Structures are given as C-alpha cells and as structure tokens.
Amino acid sequence: METRTKDTVSGNIIDEIIARHRGKPGMLLTTLEEVQEQNQFKYLPGETLAEIAGKLKIPYTQVYSVATFYSYFNLKPQGKHAIVVCRGTACHTKGSKALLDDIAANLGIHRDDNDTDSSYTTPDNLFTIRTVACFGQCAQSPVVEVDGVIHSNVNSRKLQTMLHRVRGEETKKEISYATV
Amino acid sequence: MKVKINNQLVEVAEGITIMEACRLAGIHVPSLCYLKDVSQNASCGVCVVEVKGARSLLRSCITGVTEGMEIMTNSPRAMETRKVNVELLLANHPQDCLICDRNGNCELQLLTFTLGINERRFVRTRREQYTKDESSLSLVRDPEKCILCGRCVAVCSDVQNVKAIDFSGRGLKTRIATFLDAGLGHVACTNCGQCALVCPTGAITEKSCVAEVRALLQQPGKVVLVQTAPAVRVGIGEAMGMPYGSLVTGQMVAGLRRLGFTKVFDTNFAADLTIVEEANELLRRIQTGGTLPMITSCSPGWVKFIEHFYPEQLGHLSTCKSPQQMFGAVAKTYYAEKTGIDPRDIVVVSVMPCTAKKYEARRPEMDGAYLYWKERLNLTEEERFYDVDYALTTRELARMFREAGIEFTRLPEEAFDNPLGESTGAAVIFGTTGGVMEAALRTAYELYTGKKPDTIDFNAVRGLRGIREADIDLNGTILKVAVANTLKNAGLLLDQIKKGTSPYTFIEVMTCPGGCLGGGGQPIPTNEEIRERRAASIYQEDAHKMIRKSHENPEIKRIYEDFLQEPLGERSHHLLHTHYQERGFETGIILGENP
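In order, the protein sequence lines correspond to chains A and B.
Heads up: the first sequence begins at 1 in the working numbering, then just goes up one per residue.
Heads up: the second sequence begins at 1 in the working numbering, then just goes up one per residue.
Where hints are given, some of them may not hold.
[What the hints assert, rightly or not] Derived DSS-like pairs: lysine-lysine, alpha-carbon spacing no greater than 25 Å straight-line:
#, chain 1, residue 1, chain 2, residue 2
1, B, Lys498, A, Lys57
2, B, Lys499, A, Lys57
3, A, Lys42, A, Lys76
4, B, Lys499, B, Lys488
5, B, Lys488, A, Lys55
Calculated from the structure, these hints are not laboratory results.
For clarity, every value in this text was computed on a predicted model and none was experimentally measured.
Just chain A, with the same shape it has in the complex (with noise of 0.2 Å):
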C-alpha cells in the first residue's frame, strides 16, 4: 500500500495548527500531536516532519529527536484501530504477555519478542498493535487499550470479543458502502 504515505496533513491546516500554538511553550510538542491527530493513518511522515521543522524555524534534527523520542508518535502508517497491551510489571504478572501473544496470532500478525519494532499494522491497515510500559491501571490488570478506550482484567476470551464487535462494524460498514 504505497500509495498511503502520500496522506500527509495539507500545509494550510499545519499552518492553522501551528498560528494557535506559535510562542507558545510546548509548541513543537502541541503540534506534532495535533498534526499527527489530523493525518488519515495518524502518523507523521518525513515530509510532514521536514515542514513543521521549517516552519517552526527549528532545527530537522530536533524535530525527529523529540518524534523519535515520545511513543506517543508514529513515524509509520497506522491501523484504523488501535490496540495498546499494557506490559508494565503488574498487567505482565497478570499475563499480559499472553494477551499480546493472543493478539497477534489472532489478527495474523507475527511478531518476534526480539523484534524491536515499536507497532505492527495488519496488511488490510484496519489493526495496529503497540505496548506501552504502564496504563497506571494496575488494579485493574491486565488493561488493553483499544481506540482510546481502556478495557480492564482483560482475559482471552474478552479480547476475542472486543476483536470481534470491531471487526464486525467494519464489515457492517463495507455492506453498507457496497449497497449504496
């Protein structure tokens, strides 16, 4: 799916993102979230981060430092939907491991505990799966976020339910288009 990375956020909505936050503390931070927030697979691309840098008159590299440096950013395309496994120490004692394991195999995705590769995106660009070190919801473990949601004491068969409810509304969506 080459065609993806050509979804960069136009230069006009960078530059009203960028009149609110000018001279402001934080403003580098502030855009690339609200840049990121506005691009169709919320991630910043090259091109995106190269324009906010010049805008902003600060320097590329700084730029991709603090991108590079916060989770929170994607430099890759990303699913529609977003499931984010807690790993932090509680959810692992609670078998978070597990339910990444359960993710992955379940949406086809392999992925390699020595892989260093923060997030796995589906072929299809509907899932992508992240970790994060600690929701701060350790009574609730295991915690998985999914869209923004947080799901708590999470077991497989929840997961497979949650997996399932969303890909059922897409498919729901895809009839709905094919009929109209």
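Chain A is already provided as a structure; the job is to place chain B on it using the hints.
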C-alpha cells in the same frame, strides 16, 4: 576558598567545578562525556567523586566547589562506581578494538585500561545491530561504536551551529542520528569533521582513501604529485609521537618522498597564488562597486555552510578556489605543459588537516584542468578527471607513515620540489585563523598604496578568539576587516550582513576552531592548548621565511609570466575561480547530494 581534596587542603577559586579544582590541584579525575569548551552533558558518570555529607556521588564536571567541601576522588565507592559505569558502556560496545581505526588512540580503551577493567561482566542489551553510515564523502559514522556521550552533538550544534546530528529514540534505542536517519551525505552537514575530532571512540572517522593512494603509488606510468596544506606540518609530528605543535616541515617532505610520491609539492605555493588572485579581487570589488564585504572561500566546510544556510549571501563569497583546488588545476595544466607529462597520467594527492576537503575535491565543478585539455587533447567524457584526485587527512598520512615503517623522528629534513613547492611566509599562515586575512593584507596593502608597509605583522588579526576585527590603515584609507573562526561565529557576521549593519569590507572565515590547525582531519586530541602550540609553530615558520609576501614568490611571478598572464585574467577565471550553488534544504533531506 579552601576545600579538601583527598585529604589535602587546597586553595581554589570560587565558581569553578570540582573537576577543575582537582585538575588544578594536580589530581586527575577521569572523564568521558565532558570535553572542555565543548560538552558538559554529565551523562557518562565517569567523573563521579564522593563528597562528605552528600547523599550520592557527585558528577565533578558540573558540580561547583563550595567552602570547606571535602572531596574524595579515589574512595572505594567512587572508584567502584566509575568502573561499573564504564563496564556498562562496554556492554554495548563492540570488542573489535584491534581492528578499529582508533586502536591505541581511544579514550574508552584508555579508560578501560586505567580503571583496571579486566573482564566483561555485562551482556549486550541493545537489540538492534546498526549499520555504518557511509553516505558522506568525508565522514563515516559507525553507531555500533557510539557510547552516546553526546560530544559530537554538542560540537555540531554549539560550536558549529549546524545541527546535522542529534540524539534520537529513547532508552535502549537511543542513538545519534541525522534527520530521518537519512545519513550525513543527505543532510545539511558541512563535513567539517569536528565530530570526528571530539569522538572518544571510533564511532566517527574520516572516509579513508589510504588504500586507493597506496595502490596508485604502485601503478606504473602514473606521476603521483602530493601537496601538503600549511597546517599539516604542525600536526603530523604529534601523530608520530612528537610534542604538540612540533614543526616538522622537512621531515614531512622526506617522509612523503619515502612513501614514493613522484614529486613533493606544497599547497602553500597555491596559497600564494590564492592571495594574489584574492587581493586583486578585493581591490576590484572596492574600486568597481562590487559586492562587499568580500568573504574568503578557502575553507570548504564554510563554503558548504553558506550554500546551505545563507544562500542569498553567496555573492559575498570570493570566487577564488581554495588553495587545494588551485593547486590541482595548476598541476594538471601549467606543470603538465612545462614538463610535457600527459595530464591523464598525473595524479594529485593532497594531505589536508581537513575532512571537508574530500568533499571539495569531488565537487563536479572542480574539473578546470579537464576542461582545459578537453579540446587540446580531444578528451572524451570517460576520460574526465578531477583537479584533485584524493585528499588524505593528517591522520591518514600518519597511518601511511606507520604502515610503511617510516621512523619519522629520525628522518632528515628535506626541501620541497620545484616549481610548485616554492612558497612564502604569507602562505604558511593560511593554516591558522587570521592567516589568510594577514596574507591578503600584506599583498593588498602594496597593491592599493603602491608602497611597502612599515610592518607586515598585522597583529590585530592574530589570536584564537572567535571573532576579531581590525581597522587597517591603507595609507590613509581605512579598511575595516573581521576574522571569524567556527561556523557559529561566521553565522553572526552573516546575520549582520543580512541586517545591513556589517561595517566590514573584508572578512575571513575559517570553519574550525583555530582555523585549519584545529581542522577535523588533524591528530586527536586537538584542544585549545594544542591549537595554541600549533599556531605558535606556524607563526614561527612564517617569521623564518626569507620571503613573506605572496606576490614576491618568484615562482608565482613566473607562473603569471609564462602561463596565467595576469591576476583575474581569462586563464585565472577558468582555472582558479569557481562558482557556488544554492543548497537550500527545505525538505531537510538533500536528495541526490554527493556529486
């Protein structure tokens, strides 16, 4: 103020750091990421000391002394911690010291030895295996050897204001990278090589062409000419085990002959030529209302800097090629004609204190000699050659000397070959900041006033300060000049021009701290004290020269009579002058960079 260091009572000045206090007291605190005048990251934890009453060990590089402080640099706790911190760095550092470029001259290796580390206790934690960045024509980065001390980042951003590299990623994935990991050859890097000079390990080195040069020296039928930049003669001795700043012109020439170069020539000859052209260019600009201030163009890092960051001001840059390039152009035309050697058989190798010279030699427009011969010899496109074939750094020459078993200190002093080995004191001082300015003034004064100046020592432009300015009295007319070293300082002068407030007529810019003698290709270490010693040797060589003004060099007079005809003439225009190109970098990445 009184403090106690290792139970010794010491009187120290207020406001200094523990490390400075210790070193002044003759007590060595090991350090790694700290580099005087360059970086103070306090990231490596090697310089930790124990201070009575302090809860934890303190990093001596950033902690100031206070009255009555009791410091222990060698308490068991401080020593053990220091050791562990280095051991942790070693966990992710490759074990290929024996075949590393910096073997024998590596700070990490030395620390491992001095701290008595004799086993590898920690396993590698980094999962990625990094590949070398060989995209640059001047430098090679090997992130595997990087220990993340941040010195290169500091020198690139704070000393040079170029910011081609920075930390990226986080945790185990932290690495030094260019924008989008594109590689040094594809971003706005000036190739100055200061990063290589400050790197404590072998993570950044010059892109070596020793093997190519060695092969050419063996090739029958090739006339291999070597030229040596002024700063090499005060640097190469250090790399051969001599004291800092040793002036070894004669031994260097002898050594080069023993390596097998056909003729040993001097870039200084071309430096004299540069001065004659440049002084005339300056006067022409003054007299015809040309773009002023005029800025020197000998330093290739600087040229690339202005092309990237201040392209609208390229008109201020002198059109004179650098001495290295003038030499190449003249060697393959004038010298070839004079000796009847086919220019295609001539190989020009230069020895430079510089990594940016490697890039400069490969600029596509640096083929003046080829264009000169193209019609005369009916040359095809495939026969195209560069004016300068290879540029070695001072460090690479040292390597060649070592490999050839040359006992440098026992070499006799020999003289350069003629005619391209004849030079003046004005050319020697090209090797230090302020030197090109002074050399140009010596000639410009006489050209402008028609008289000889009272003294040819223009002391106002000497010294190692970042920016120096002077009013030069040209027999009544005041010429305002400025000298800048480091690109950050150069940027300040350019900003002034941009604002329209620059009072100067003539500006000299050198990329590296101290000028070429502190160049990115010079022996490691290079620091302020060493730069001062090298500068002293350069001025010493100048003072002892019989002829100290470029236009009085008899071989320069001859080349104008026999070949070039006149300064700024038709031939000079084609062979000795160049043009520049805007290298904006709106995308942050320069595609197709590297000619």
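Results of checking the hints against the structure:
no. : hint                : verdict
1   : B:Lys498 - A:Lys57  : 17 Å, holds
2   : B:Lys499 - A:Lys57  : 18 Å, holds
3   : A:Lys42 - A:Lys76   : 9 Å, holds
4   : B:Lys499 - B:Lys488 : 17 Å, holds
5   : B:Lys488 - A:Lys55  : 22 Å, holds
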